[in-house]
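S.K.: Model the full structure from these sequences, guided by the hints.
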Amino acid sequence: MTFWLAGCAPFTENNLIEEISPITFLSISKGDNGKLKVSTILPSLSKKNKNVMSQEVSLLKEGVQKYNLNFYQEVKSGQMRMLLISDELAKEGIMSIINVILTDPDIPLRIYLVIVKGNFEKYLESQLDKDENFDYSFYRMLKHYDEKNQGELTVINLHQFKHLLYTPYSDPFLPVFKIQEDGVNYEGTALFQDDKLVETISSLDDRIFQLINNDHYLSVLPISELEVVLGHVRSKIIVDMDSSYSTMTYTVNIDTRIEEYRGEKQLFDPKELENMKKDIETHLEQQTHELFKKMQELKVDPLQLGVQTKRPFSKPMEEKKWIEMFEEMDIKIKYNINIDPLTDANSKR
Amino acid sequence: MFWKKKQIESKLVTQSITESELSIEALKKSLVQMDDAEFVEIDISDIRKIYLVYIRTLIDQEKLNESIIKPLTNCSKPSIQDCIVNSSIIHIPIFIEAKKQLFSGSILLFDSSQNLWLAVPLKNPLGRAIETSETETILFGAKDSFSEQVEQNITLIRRRLPIHELKAEKFTVGSMSETSVVLMYIEGLTNPDFVSTVKEKISEINFDLFFDSSQVAAFMEEHQHSIFPQFQQTDRPDVVAYSLGLGKITLLVDNTPFALVAPITFFHLFQSPEDYINRWVVASFLRIIRYVSFVLSITLIPFYVALTTHHYQMIPLQTLLVLVDSRSKLPFTPFWEAFIMLIFIEIIREASLRMPTKTGQTLGVIGGIVVGQAAVEAGFASNVLIVMVGISTIAAFLIPNYLMTKANSLMQLMLLVFSSLFGLMGIALGIIAILAHLNSLSSIKQPYFSPVSPFFRKDWIDLFIRGPLVKMLERPEHLKPLKLKRYKTRR
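Same order as they appear, the protein sequences are chains A and Z. Sequential numbering of the first sequence, starting at 6, is according to the working numbering. Sequential numbering of the second sequence, starting at -12, is according to the working numbering.
If you're looking for bench data, these hints aren't it; they were derived computationally from the structure. Think of the CB as a built atom: it goes at the ideal place given N, C-alpha and C, for glycine as much as any other residue. Incorrect hints may appear among the rest.
[As the list claims (entries may be wrong)] With a cut-off of at most 30 Å between alpha-carbon atoms, the simulated BS3-like pairs for lysine-lysine come out as follows: (1) K241/A / K276/A; (2) K71/A / K316/Z; (3) K135/A / K110/Z; (4) K96/A / K304/A; (5) K55/A / K316/Z; (6) K154/Z / K110/Z; (7) K81/A / K316/Z; (8) K53/A / K167/A; (9) K316/Z / K345/Z; (10) K130/Z / K393/Z; (11) K64/Z / K87/Z; (12) K87/Z / K50/Z; (13) K154/Z / K472/Z; (14) K53/A / K393/Z; (15) K81/A / K148/A; (16) K122/A / K135/A; (17) K316/Z / K52/A; (18) K326/A / K304/A.
[Unchecked claim] Every beta carbon over 10 Å from chain A, so not counted as near; a handful from chain Z, in silico: (19) K16; (20) K50; (21) T295; (22) Q300; (23) R314; (24) P321.
M.R.: Shown next as structure tokens:
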């Protein structure tokens, strides 16, 4: 009785691992006539000849069902680890896809969501001959950056995305990978307004985004304008908002060290180092300011700054109202950089 | 009809012998067709004849010549008791007693002039020397173990506990084998309830033959159908002495090198005598390892079957790649694969016990190669399963109690069936069933799952860990000893 009350069927489906074919990823892009194009590699786990399977369907689940009709093993989605969504589709909104995946009890919440620029199916087909386990290697890369918190790139799983999507004062963001001739390369972070992709930030903007939001750590931060590379950058953020919510001071305290320098300055000289520090601060302040400006224009708040408006014993502000205020807010960025000085062996200090 | 008549006749014959008066003729009649029964007549003087009656195979012949025949032939005293120097000489009045003495290795003497029957014990000291225990081997600590002679076993215990409170009460069980059972306990320490329970149980035993202590245990256990032993069987005197010192009772059965210790709990089966020799941190670590390996040995293969038949979602992707690869060419489902392998391992295990030592090695090699390599290459078993079977079989051997090792295999098979039917839910149900069963068991009416349930907080110091000896100042509460403190109170 307890069995049925708990919703557990005593006789489960046939899940014998040698009789099923668990898919490890689904790639979804825009098909013709408003349809979805769902692709994957089958069989994904065994060492038999692999094929790229693509189906044009109106509903996501229909795709998986169609694979079953075309493949000798039953396709199961319980081992799904990645969901690759094309940027074209993401621009139109991915709420329906996310909800289908979320409500399937077979699919774990830890699957990684990735935005792909370019024709992924075509790339897969060309790649299968070279690397049979391409999908698996891609998953391992995402998993590595997810677990080790290296702050190199954005890695977001379904649970985190759902959290960002449905929590007030926050907008989701996802990593963007671009198909190029030499492979799938990380491009930057896609910013979402609700479930629609609005902007992709890349290069230095993305680095700053990682530093102030994601892991607050970067192993390497190259600033080419100043011909300097900062290493082991750790940031601490202090956000201060005035009572009328018209101005915000965003202070970023950074501990770092200079890893590489190709400029003219003599960094052993404390004065020159101080100048260098000032330059870096100004440069980063400028860049961050532009990033914030972009966010204000796009009306997105991936940094969850709206949380700062919450006060005890008072009703929280409506999200819409917050976004309006955020759009017009005067944001002051301040960087305080603490550079571990290089020591000169000949120095008499 | 005819058969019935015959039976009644034989009954009449036995009755007439047992009730007959003690005489040489009556004895001769009862010992007819016994080749080793001897009747010797010694003439001391013309008027005086001494008759000796004994069973040749039960007595010490040399001693007979030295201490009986020689002194008697030169005896000039009126009473033969004065000639024979033996402390345990007894006077026998009736026939039944005479027969009992005769078969327990005594020699009967009849002085015709005085019409006196005497019995002198001259038991043949045939038996094994004290050797090292083979079932409970330890690296450090005492090496001696019990032998088949109960008297010797009592000596070994008494040497460790030289106190007058250590009682040894003798009982006889088995209408044909007349096996002696010695109940040992420390008076004033062991809970009298245990002693009375055991006495009651011994008196209720009604069976003809007892050759081993486990048979005695079988008649005394409250849960005959359980796979868990309710008496600890040990052949180590130090274990018995330690148990007695904690407030338990011990039964020594004649002709068995294994003593029965009770009451025990489930957790006793995981304790080794070495636990009290090693340093406490090391001992605790080893004990925890034993519990872990017990859990591993019963659940590892069921988990494999549950995951590969029902819950492919739960396997890490990297492991799944390996599993799919290793299982891709197998003709059996994971359940049958595991079942066949486990039965095969049991066969090897059982065979290795029966095999002579010299052929034992061959079995190991054949078993290892057949199971390890050929089965995989032939496609009967997957590599992963072989590794798991190996781990769980070795893990099962970590449990110091041999009877428990056997119980392990059955639990493993039960969980295996459950896991193949219901997956992880089945394993959970199986474990709940095992725990419920353990909770319902008892050993001489004491709860088998204490000190966990019923809960005794203080006893946990020697449960999953073996606490420092200097901190174990009280005896286990669940044994309800009359003296709880283990130290002498200073005045």
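S.K.: Now tell me, hint by hint, if it's right for this structure.
M.R.: Each hint tested on the structure:
{"no.": "1", "hint": "K241/A / K276/A", "in the structure": "25 Å, holds"}
{"no.": "2", "hint": "K71/A / K316/Z", "in the structure": "27 Å, holds"}
{"no.": "3", "hint": "K135/A / K110/Z", "in the structure": "88 Å, violated"}
{"no.": "4", "hint": "K96/A / K304/A", "in the structure": "15 Å, holds"}
{"no.": "5", "hint": "K55/A / K316/Z", "in the structure": "18 Å, holds"}
{"no.": "6", "hint": "K154/Z / K110/Z", "in the structure": "24 Å, holds"}
{"no.": "7", "hint": "K81/A / K316/Z", "in the structure": "20 Å, holds"}
{"no.": "8", "hint": "K53/A / K167/A", "in the structure": "36 Å, violated"}
{"no.": "9", "hint": "K316/Z / K345/Z", "in the structure": "38 Å, violated"}
{"no.": "10", "hint": "K130/Z / K393/Z", "in the structure": "25 Å, holds"}
{"no.": "11", "hint": "K64/Z / K87/Z", "in the structure": "29 Å, holds"}
{"no.": "12", "hint": "K87/Z / K50/Z", "in the structure": "20 Å, holds"}
{"no.": "13", "hint": "K154/Z / K472/Z", "in the structure": "21 Å, holds"}
{"no.": "14", "hint": "K53/A / K393/Z", "in the structure": "43 Å, violated"}
{"no.": "15", "hint": "K81/A / K148/A", "in the structure": "21 Å, holds"}
{"no.": "16", "hint": "K122/A / K135/A", "in the structure": "21 Å, holds"}
{"no.": "17", "hint": "K316/Z / K52/A", "in the structure": "12 Å, holds"}
{"no.": "18", "hint": "K326/A / K304/A", "in the structure": "11 Å, holds"}
{"no.": "19", "hint": "K16", "in the structure": "72 Å, holds"}
{"no.": "20", "hint": "K50", "in the structure": "73 Å, holds"}
{"no.": "21", "hint": "T295", "in the structure": "5 Å, violated"}
{"no.": "22", "hint": "Q300", "in the structure": "3 Å, violated"}
{"no.": "23", "hint": "R314", "in the structure": "5 Å, violated"}
{"no.": "24", "hint": "P321", "in the structure": "7 Å, violated"}
Of the numbered hints listed earlier, those contradicted by the structure are 3, 8, 9, 14, 21, 22, 23, 24.
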